[in-house]
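Undergrad: Modelling step: build the complete structure from the supplied sequences, incorporating the hints.
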Amino acid sequence: MNAESDERSEVAEQAAPASATGESGRAERELGSRAPGFVKASKALHLSWQVGVFVVGLGVVIAGVLMLVLPGPGWLVIFGGMAIWATEFVWAQLVLRWTKRKVTEAAQRALDPKVRRRNIILTTLGLVIMAVLAGIYVWKFGLAMPWKISE
Numbered sequence: 001m002n003a004e005s006d007e008r009s010e011v012a013e014q015a016a017p018a019s020a021t022g023e024s025g026r027a028e029r030e031l032g033s034r035a036p037g038f039v040k041a042s043k044a045l046h047l048s049w050q051v052g053v054f055v056v057g058l059g060v061v062i063a064g065v066l067m068l069v070l071p072g073p074g075w076l077v078i079f080g081g082m083a084i085w086a087t088e089f090v091w092a093q094l095v096l097r098w099t100k101r102k103v104t105e106a107a108q109r110a111l112d113p114k115v116r117r118r119n120i121i122l123t124t125l126g127l128v129i130m131a132v133l134a135g136i137y138v139w140k141f142g143l144a145m146p147w148k149i150s151e
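Take the sequence shown: its letters are residues 1 to 151, numbered as in my numbering.
Calculated from the structure, these hints are not laboratory results. Hints may be right or wrong, so weigh each one.
[What the hints assert, rightly or not] With a cut-off of at most 20 Å between alpha-carbon atoms, the simulated EDC-like pairs for lysine to aspartate or glutamate come out as follows: (1) Lys100 to Asp112; (2) Lys102 to Asp112; (3) Lys100 to Glu30; (4) Lys40 to Glu30.
Nothing here was measured: the structure is a model prediction, and the numbers come from that model.
TA: Structure below.
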């Protein structure tokens with residue numbers, strides 16, 4: 001649970017490959033704890049800070065997991081919990097960097113004109129098939145309203 005490690009600078013160099021769109025002009029943030037200086041000065045206070053950040057992040061992640069099956073923005077809340085963890089833990093920072101890279105790659109692929117054309121064609125085809133099936137159902141069984149209009 002210790003966010004400070006001797007290999008932090010080595011991990012930072014390994015974890016900073018070019019982004020999905022090519023070499024990024026902006027520098028990536030340094031990995032490690034972002035706790036205030038007075039918290040880092042005391043080992044006991046820093047450990048308490050880390051435990052607090054972990055518990056709050058865990059609560060947010062659990063709420064997000066529950067929102068996957070209940071109404072709510074589950075994935076958004078899960079990534080929010082990961083962002084809370086990333087303020088203190090290197091592993092969460094690396095997971096968030098990987099996730100951002102993958103989302104950027106997916107967005108770039110989705111903007112490709114060939115992929116967009118294919119998606120539009122498949123969506124139109126699916127809507128036509130659903131309309132034909134609905135028409136066949138109404139033709140065969142008729143359209144019965146769930147309420148009695150004559151009363």
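Undergrad: Compare the structure with each hint and give your call.
TA: Hints, one by one, checked against the model:
1. Lys100 to Asp112: holds (19 Å)
2. Lys102 to Asp112: Measuring from Cα to Cα gives roughly 16 Å; hence the hint holds.
3. Lys100 to Glu30: holds (16 Å)
4. Lys40 to Glu30: holds (16 Å)
Every hint, counting from the list given before, is met by this structure.
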